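Student: Quick note: the sequence shown uses UniProt numbering, first residue 1, plus one each step.
These are calculated hints, taken from the structure and not from any lab test.
Treat the numbers as computed from the prediction; the structure is a model and nothing was measured.
Incorrect hints may appear among the rest.
Said to hold, decoys possible - If you anchor each label on the Cβ, the simulated ranges turn out as follows:
(1) Gly-689 x Gly-154: 28 to 38 Å
(2) Ser-562 x Ile-44: 13 to 23 Å
(3) Leu-175 x Leu-557: 34 to 44 Å
(4) Val-699 x Leu-296: 10 to 20 Å
As the list claims (entries may be wrong) - In silico SDA-like cross-links for lysine to any residue, where the CA-CA straight-line distance does not exceed 20 Å:
(5) Lys-738 x Asp-588
(6) Lys-33 x Glu-45
(7) Lys-33 x Val-89
(8) Lys-33 x Ala-50
(9) Lys-508 x Trp-69
(10) Lys-617 x Val-688
(11) Lys-711 x Val-475
(12) Lys-732 x Val-699
(13) Lys-738 x Leu-296
(14) Lys-33 x Lys-203
We treat Cβ as the ideally placed atom computed from N, Cα and C, and that holds for glycine.
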Amino acid sequence: MSGAVLVAVAAAIGNLLQGWDNATIAGAVLYIKREFSLESEPTIEGLIVAMSLIGATCITTCSGGISDWLGRRPMLIISSVLYCVSGLVMLWSPNVYILLLARLLDGFGVGLAVTLVPVYISETAPPEIRGLLNTLPQFTGSIGMFLSYCMVFGMSLSELPNWRLMLGVLSIPSLIYFILTIFFLPESPRWLVSKGRMIEAKKVLQRLRGREDVAGEMALLVEGLGVGGETSIEEYIIGPANEDIEDQDISDDKDQIKLYGPEEGLSWVARPVTGQSTLGIVSRHGSMASQSALGLVDPLVTLFGSVHEKVPETGSMRSALFPHFGSMFSVGGNQARNEEWDDDIVPREGEDYPSDGGGGDSDDNLHSPLISGQTTSLDKDIVPTNHGSLTSLRHGSLMQSTTGEQVGSMGIGGGWQIAWQLSEKVGPDGKKEGGFKRIYLHQEDVPGSRRGSLVSLPGNDAPVDSEYVQAAALVSQPALYASELMKQHPVGPAMIHPAETPKGPSWKDIFEPGVKHALVVGIGIQILQQFSGINGVLYYTPQILEQAGVGVLLSNLGISSSSASLLISGITTLLMLPSIAVAMRLMDIAGRRSLLLSTLPVLIISLLVLVIGSVVKMGNVVHAAISTVSVVLYFCFFVMGFGPIPNILCAEIFPTRVRGICIAMCALTFWICDIIVTYSLPVLLKSVGLAGVFGMYAVVCVISWVFVFLKVPETKGMPLEVITEFFSVGAKQVAAAKNN
1 MSGAVLVAVA
11 AAIGNLLQGW
21 DNATIAGAVL
31 YIKREFSLES
41 EPTIEGLIVA
51 MSLIGATCIT
61 TCSGGISDWL
71 GRRPMLIISS
81 VLYCVSGLVM
91 LWSPNVYILL
101 LARLLDGFGV
111 GLAVTLVPVY
121 ISETAPPEIR
131 GLLNTLPQFT
141 GSIGMFLSYC
151 MVFGMSLSEL
161 PNWRLMLGVL
171 SIPSLIYFIL
181 TIFFLPESPR
191 WLVSKGRMIE
201 AKKVLQRLRG
211 REDVAGEMAL
221 LVEGLGVGGE
231 TSIEEYIIGP
241 ANEDIEDQDI
251 SDDKDQIKLY
261 GPEEGLSWVA
271 RPVTGQSTLG
281 IVSRHGSMAS
291 QSALGLVDPL
301 VTLFGSVHEK
311 VPETGSMRSA
321 LFPHFGSMFS
331 VGGNQARNEE
341 WDDDIVPREG
351 EDYPSDGGGG
361 DSDDNLHSPL
371 ISGQTTSLDK
381 DIVPTNHGSL
391 TSLRHGSLMQ
401 STTGEQVGSM
411 GIGGGWQIAW
421 QLSEKVGPDG
431 KKEGGFKRIY
441 LHQEDVPGSR
451 RGSLVSLPGN
461 DAPVDSEYVQ
471 AAALVSQPAL
481 YASELMKQHP
491 VGPAMIHPAE
501 TPKGPSWKDI
511 FEPGVKHALV
521 VGIGIQILQQ
531 FSGINGVLYY
541 TPQILEQAGV
551 GVLLSNLGIS
561 SSSASLLISG
571 ITTLLMLPSI
581 AVAMRLMDIA
591 GRRSLLLSTL
601 PVLIISLLVL
611 VIGSVVKMGN
621 VVHAAISTVS
631 VVLYFCFFVM
641 GFGPIPNILC
651 AEIFPTRVRG
661 ICIAMCALTF
671 WICDIIVTYS
681 LPVLLKSVGL
691 AGVFGMYAVV
701 CVISWVFVFL
711 KVPETKGMPL
721 EVITEFFSVG
731 AKQVAAAKNN
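Please put together the full structure from these sequences, using the hints given.
Tutor: Have a look at this one:
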């Protein structure tokens, strides 16, 4: 995964430049207003700072659609160019108007980086460390602020501080960023797949994952092109083929899927569970709105939670059952194979299906299945996809169906597997025709000894030493299905090559129930984050630290008030870094939702203490000490949760086809709220005072906690495509519950 980590670090430099710019203008504006005599023109002074916000807001309105059209990487390149050009123009700036133009260009660069870096990292990172890598923008942004404060503080100590040099230095790191985006950052593999550029996507994935076998993830990316669709949640019991599982809810033998283990004579069978007394995720964990918290908790939240509650621990039953398995259905490659493809696939006799390994234009092969081998029947067997030119079966694991054919089984990250179920369906003319379903499988951690009480009907208790694994399944129609391909009996019906040229985003897709549901979560959490008080606390921090005696200490050292304020801000930023590092560690362990629910109460308490400190009269020393501790706690816990997580969530919960548009809508909300909060703060301070402002922020944090508890699901460790599938299922469950 080192490839994905390095790419994420390089991409996050865009946020480092944003942090650098924010801190630099805060220091430089002190000297700009002196040179241009802006003391009597606060509007122009405010506009110099605000022009970056205005530019970011404007560019965000179109950044999503353009990134879906041009790609993520070109937009990051444009962002680096805008940063660099704006730095050079600010270095020149002969008057205020040129400076305002430079700040506008800088805002364009900031808007692109803030919007697209989280999307880019989410689309390139493995599910297991996506949260960690997507916290990097927050970390690098704070590093940029700290380094910039240090630079501006050093310059402020000179007799004639040069604000042009302060602002112009931005062009140096932005030039480094430009070089990295051109020569190091690859295009997002998900965007490449959405444009049908399979060869490039495969090569990028191999580089990011550091392995040749990326067929499973390639298939996943194709499946992610769908928006909506009918999805059902099913369950399978997987155990030894010779075990006597007589549960009445287990389907007939014709639906069994056999799995062969690495040891001779050891085999396993998957049996679909079909009845109502099962461990089905939906029925068990709140598919109906009448569940916990008086029916207020979104069924989607419990749906996601049910997956994480059942994640197997290291050394669990799976290791005992499948000691050599890399994932739930992984089987060693030392068994005999009925058929095998080489890296340069050779068409079998009587077949002429080109693969993407043939070179040439990657769009030429969009209408071909990636692999094709004759199946003996269309029995209901789960058939994990594979592709000769992407991975030969020797790199994969084996799964043998009831028809006796062995095909590759592949993980897609986070303990999930992708597979297909061949089936028969009735066509428009009433005749049966071949079809197939796509299945995402995930193992649940349920000990075998609990089987009797969980999966069997009364009177059908299984032996305590029963060995099996339980798997939840998301079953749906494939994203790009070509019915004529079934006549050719492809072994890999998922077709990593789409059966048709993928369609671009459309506004109709945004009104799909799952996407609308995700937009409510994404836009809601962005609004609440901006109104939770971070701008107000940042504004008040220098005053608090001044009261704590830091200013007096610095003045005794011969440091001017302007330099002291810069140093204080730098110290404040430095305090954030260890907390962000802790958040990076916990993001994929505790999870996004858990971090929000545990850090928001600390924000509420900190703000209430600041309110009490402003209302109750106490000694200066006591007041300064309490206020300082509250501010430090607020900062530390904000950057652990409410700082990075809204952007992380927004980059995870939308389908590939509309991700750019939807993330732009969330980012636009972010910038508009940022402007409102920034410019309403002075008015609020005059009208309701400091205690009133912090009281309002505390109320917003309480509302935020309730919103997260009721509406925000846990997305840690799940592939992006599985997350969006869950949103689709959850939204339809909510609609069904309302209709009933």
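Student: Does Lys-203 lie within 20 Å of Lys-33 when you go C-alpha to C-alpha?
Tutor: Violated - the C-alpha atoms of Lys-203 and Lys-33 are around 52 Å apart, more than 20 Å.
Student: Given the hinted pair Lys-33 and Val-89, is their alpha-carbon gap at most 20 Å?
Tutor: With a Cα-Cα distance of about 18 Å, the restraint between Lys-33 and Val-89 holds, given a limit of 20 Å.
Student: With the threshold set at 20 Å, check whether the alpha-carbon distance from Lys-738 to Asp-588 stays at or below it.
Tutor: It is violated: about 34 Å lies between the C-alpha atoms, which goes past 20 Å.
Student: Just to be careful, I want the Cα atoms of Lys-33 and Ala-50 compared with a cutoff of 20 Å; is the pair within it?
Tutor: Holds - the C-alpha atoms of Ala-50 and Lys-33 are around 14 Å apart, at most 20 Å.
Student: Does the alpha-carbon distance linking Lys-33 and Glu-45 stay inside the 20 Å limit?
Tutor: The hint holds at about 7 Å.
Student: Between Gly-689 and Gly-154, does the beta-carbon spacing fit 28 to 38 Å?
Tutor: Since the Cβ atoms of Gly-689 and Gly-154 sit about 37 Å apart, the hinted range of 28 to 38 Å holds.
Student: Kindly confirm whether 10 to 20 Å is satisfied by the beta carbon distance between Val-699 and Leu-296.
Tutor: holds, 19 Å
Student: For a C-alpha distance cap of 20 Å, please report whether Lys-711 and Val-475 respect it.
Tutor: violated, 24 Å
Student: Does 34 to 44 Å hold as the CB distance between Leu-175 and Leu-557, or does it fail?
Tutor: Cβ of Leu-175 to Cβ of Leu-557: about 36 Å, so the range 34 to 44 Å holds.
Student: Given the proposed pairing of Lys-732 with Val-699, does the C-alpha separation stay at or below 20 Å?
Tutor: violated, 32 Å
Student: With respect to the beta-carbon atoms only, verify the hint that Ser-562 and Ile-44 lie 13 to 23 Å apart.
Tutor: Check passed, 20 Å falls within 13 to 23 Å.
Student: Given the proposed pairing of Lys-617 with Val-688, does the C-alpha separation stay at or below 20 Å?
Tutor: holds, 18 Å
Of the numbered hints given earlier, the model fails hints 5, 11, 12 and 14; all others are met.
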